Structures are given as structure tokens and as C-alpha cells.
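Participant: Chains as they are written, first to last, in my numbering: chain V, 22 to 312; chain X, 5 to 264.
No lab work stands behind these hints: they were computed from the structure.
Everything numeric in this text was worked out from a predicted model, so none of it was measured.
Misleading hints may appear alongside valid ones.
Distance ranges between label pairs, derived from CB positions [said to hold, decoys possible]:
1. Pro107/X / Glu271/V: 18 to 28 Å
2. Glu186/X / Asp125/V: 17 to 27 Å
3. Phe133/X / Glu209/V: 21 to 31 Å
4. Asp121/V / Cys69/X: 54 to 64 Å
5. Ala114/X / Gln295/V: 22 to 32 Å
6. Arg38/X / Arg37/V: 24 to 34 Å
Cβ coordinates follow ideal geometry from the N, Cα and C atoms, glycine included.
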Amino acid sequence: MSLAYYPGCTLKTRARNLEQPAVASMEALGFKLNEVPRWNCCGAVYSLAEDDLIHQVAPVRNLIRAKKQGETELVTLCAFCLNTLKRANILMKEDIAKRDTINDFIDEEIDYAGEVKVVHLLEVLRDELGWEALSQKVKLPLRGLRVAPYYGCTLLRPREVAIDSVEDPTILREFLEALGASPVDFPESTRCCGSYQVISSPDDISGYARLILDSALSHGAETLVVTCPLCDYNLGRGQKELSKKSGFREMPLLYFTQLLALALGLGPQVCHFQLNHGSPELLLKEKTLIS
Amino acid sequence: MSAKERTKESAKTAVKEKRHIATKLIPIYIMGKRYEVPEGFTIMKAMEYAGYILIRGCGCRGGTCGACGTFYRKPGDYKLQVALACQKTVEPDMYIAQIPFFPANRALYAFAELTAAPEEVFKLYPELFRCVACNSCTKACPQGIEVMDAVSALKQGNIARAAQLSFDCIQCGLCTSRCFGELAQYHMFQLARRIYGARIVPRAEHLAEMVKAVDKGKYDRFLDVLKRAKEDELKKLYQEREVEPLVAGEDWKPKDTTYL
Chain V
22 MSLAYYPGCT
32 LKTRARNLEQ
42 PAVASMEALG
52 FKLNEVPRWN
62 CCGAVYSLAE
72 DDLIHQVAPV
82 RNLIRAKKQG
92 ETELVTLCAF
102 CLNTLKRANI
112 LMKEDIAKRD
122 TINDFIDEEI
132 DYAGEVKVVH
142 LLEVLRDELG
152 WEALSQKVKL
162 PLRGLRVAPY
172 YGCTLLRPRE
182 VAIDSVEDPT
192 ILREFLEALG
202 ASPVDFPEST
212 RCCGSYQVIS
222 SPDDISGYAR
232 LILDSALSHG
242 AETLVVTCPL
252 CDYNLGRGQK
262 ELSKKSGFRE
272 MPLLYFTQLL
282 ALALGLGPQV
292 CHFQLNHGSP
302 ELLLKEKTLI
312 S
Chain X
5 MSAKERTKES
15 AKTAVKEKRH
25 IATKLIPIYI
35 MGKRYEVPEG
45 FTIMKAMEYA
55 GYILIRGCGC
65 RGGTCGACGT
75 FYRKPGDYKL
85 QVALACQKTV
95 EPDMYIAQIP
105 FFPANRALYA
115 FAELTAAPEE
125 VFKLYPELFR
135 CVACNSCTKA
145 CPQGIEVMDA
155 VSALKQGNIA
165 RAAQLSFDCI
175 QCGLCTSRCF
185 GELAQYHMFQ
195 LARRIYGARI
205 VPRAEHLAEM
215 VKAVDKGKYD
225 RFLDVLKRAK
235 EDELKKLYQE
245 REVEPLVAGE
255 DWKPKDTTYL
């Protein structure tokens, strides 16, 4: 089965360790992630200013191009891209006045009214493949790996774009269980990593990280699984600063797609662990998940 | 042709041109002022006809130097049009503003130190991330380049794609003049093409081998023969030389393979 796929800029540079294991894994699961041939930045962050329509143009243009190609569904992998595209899509579907203004502005393209459904890869795994089918494809169960599922914000907030229950999400836990890992519930799994606040207040980065990582550690997690390159960056940089300041032991951070690829037996070569924070390879070796 | 004949010939052409000019003049607006200019003239010729002396904003007059980027609009159409003044022929009632130059900062870099990592481009041109995908750059390109796609390619770290998409860029700067995010697209693309050419495209090994062979004297004896040849002999050699046909397959070889 072929899926129209929107990667996002960071997945092509800093977060290749998020994308490449995903592409390989989906292929192994019988889904082909077909990258849309023409795409631009998703808009990076959804603009909340009511009259700031120019910043809706980038996400909408991507949706138009998907529609033009005859796609009805667009799969995203980066949690931030999902959020931006999905919210812009709702705007185009529901706000007729703004939709008209944006369509008028993008006069070189066809009109758009929210026809393409934006989904996250985790939703494809849950809703189109199913956890049971996924667990049957697992070749190397992640047995004994205690993973804290970290959602961050953009998969779940605001409510209208959430891929799961806003208050009590289970999708990552179910995903980890299907791979044979041991999910570790912890109360900070949906706390914000600091997001783009760290640009204006870089000193706060370790404060955000400490709350989340301390909580995961104290609940017995050995690693934290993330879905978003910005969470990965903030938590990774934050704990690096903590370790410099106070001897904080860095916790390995892993993308959910890396765990997927390992469990499907695709090996570390598709995972690009050299791009990860907190050296997960040591832990994975200890658990004999890589050699 | 003798000098006398030449004079006669040019007089004839002048009469012809005059007659042509006399047949049809059309109105155009240069920087808001109305002029009547001969139909069929390029914008550049029309400006000169109208009395402008171009010391900037004109270069090759052949559509490749990028000096004469021009915006124009036609009455009743909100669309801004673009052209190269040396290529586009005038149309009735076009309102013309040539943009000979547009300010855009070019980053300074030590090329030898660049490795083709996307982050190097990000660092040199951080304004890249101000792009909002409005696509005004693409609409402003007289070369028909997908400018915004090339900007996106750079953001995605795909320097090769940016170089390939921007291959026809003549650095006229019209994209930059229209940019909402104040990017200097044409400078970024030039950097992309330089990196692509020097670091990404595979080296042509056969070329290096040939240069080495030439250095070692592969052609010295043939050149010596030419150096010693008399003028008549040289002319004869030149006139009788074998030229590769315009349409020749890759396996084409000259009849005389002495020099291969």
C-alpha cells in the first residue's frame, strides 16, 4: 500500500534518524511512504494571530500540492509538521472568509477547502495496520527495555488536532507494547519541552528538560522515546547542560521510528544513532538489541 | 563587397527600417511617461528610441547576462509581469519599470573550507528560514525557474536539487526584489551551484587523466609541426580540417585518429 508522505525540512537534515528508520520500517510492513515530489516548509509553527494569513500560506500550499496530485491523505512523521498542517487544514475547511483570502492569494494554484486528511504515522500504525498485526511482524522484541513514552505537545494539543486522548494518551504505550518493550508511565509525558521558547530564553532549556527527565528516571525508565525533532533537541541540549552543571546522568533519547526499525529486525544501520542525544547505543547493546 | 556597395546597402536597409517605423508606432509607458515607439522593438530598444541612454541595465543584449530585468503591467490586469528588456518586444500600453540592480548581500565564505553540509548554507544565509512560501519569487522569475522550490530544497538540505533547479538563473535579482522574507535567493543559488559543482557532482576522471597526458607532452609533437608550418600550409590544414557534424552520436570519431 502506498501512502503520500510529507517529510518536513528537519527530517532531511538534523533528524535523519527520525525519517530513515521510518521509511525502511514502513516498507517492511508493506506500506510505501511515497514522498510528495514538491513540498516546502510546513510553516514551522502555527500562527495564532487572527489576521496573520501569510503564515498559513506555507502549510496550505503543501496541502494544495497533495490535492493536485490526487491524494486524499497525507502522512506526516514530524509532530510539529503534523500540527501545523492539520491546523491550517481545519482553517481552510471551516473559516470561509480566510479560505477565500488565502485561495485568492495563491492564485497560481487550484482552490483548496480542506480536502486532504492529514495523519501521523502512529495513526497509520494504529488504525490501518493495527497493534496486533504490528506485533506479529516484530522479529526482535524489545524485551526488558524500559521506555518512557514522551508525547510533548504537538501530537495532542489543541484538542481538535489530537491523534489520541488529550488527557490520557495511550498510543505510544500501545505502540511500545506491540514492539515488546516495557512502557513506563510517568506524569510528565505530555509536559511541554520548552518548544520555541528556548530561542528567546535559552537559559531555561535545562529547566524544562529536568522536570521531564527526572520524572521519567524516577519512574524507572532507561530511555525516553520522542516523536518530535524539537523535543529531541530541547531535551538533548537541556540534559547536556544539566550534566555539565550538576553531574546529571544523560538519558538516551530515541525516536519511536528507531525502536520500530530495531524491532522489525532492520538493524542499526537504518537508525543513524550518531545523531541521537544521550548515546542510546550503550543501552541498546546492554539489552542485546544491537551488537 | 566594396565600400561603395556597402554604403548603398546600408542606405537601403535604413529606408526599409524607416518605412517599417513609419508603419506602426505603439504607446508604452516608461516609468509612468507615455512614449510612442515602433512595434516590434524590444523594450530595451524602445527605451533607447525614446531617448534613454543606458549605461547600466544593459549588458549582453542576448538574454543571458541578467542586467535588464524588467517589470511591467498591462491595463486591466492586476498581474505583475516580468521580462528581460533585451528579449521582450513591446506591447501596446505596457507600463514598464526596469530594475537594473537590486540590493542583496552576498555572504563571504572561504570556499575551500566548505564541505557541502547543509548547515554551512544555513549559517551563511540564515534568512533562508524567513521564507513563507508565498511564491512571489517564482512569479518574478523571467527564466521560469521554480525559485521557491529551490529555496525549499536549500531548507531541506538538498543542495544538489537547489543547484539543478536554479541552473538557468541569470542573477537578475527580480526574485529578491519581490521577496516577503528578504532573502537573497540568487546569491544563495550561486553558492549552491558552486558547492554542487565542486563537491557533489562526481569528478570527471577521464578529464584529469587527459590533462595529465597533455602536461606530459601528448600533443607536443603535433604542436611542433604546426609551429613550423608555413602560412599557406596552416591555412590549408585549417580549411581541410574535419569538423564534428552538428548531430553526432557519442561514438563519433574523426576519420583521422592520429590525435586521439
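Participant: Confirm or reject each hint.
Facilitator: Hints, one by one, checked against the model:
no. : hint                            : result
1   : Pro107/X / Glu271/V: 18 to 28 Å : violated (47 Å)
2   : Glu186/X / Asp125/V: 17 to 27 Å : holds (24 Å)
3   : Phe133/X / Glu209/V: 21 to 31 Å : holds (30 Å)
4   : Asp121/V / Cys69/X: 54 to 64 Å  : violated (42 Å)
5   : Ala114/X / Gln295/V: 22 to 32 Å : holds (27 Å)
6   : Arg38/X / Arg37/V: 24 to 34 Å   : violated (58 Å)
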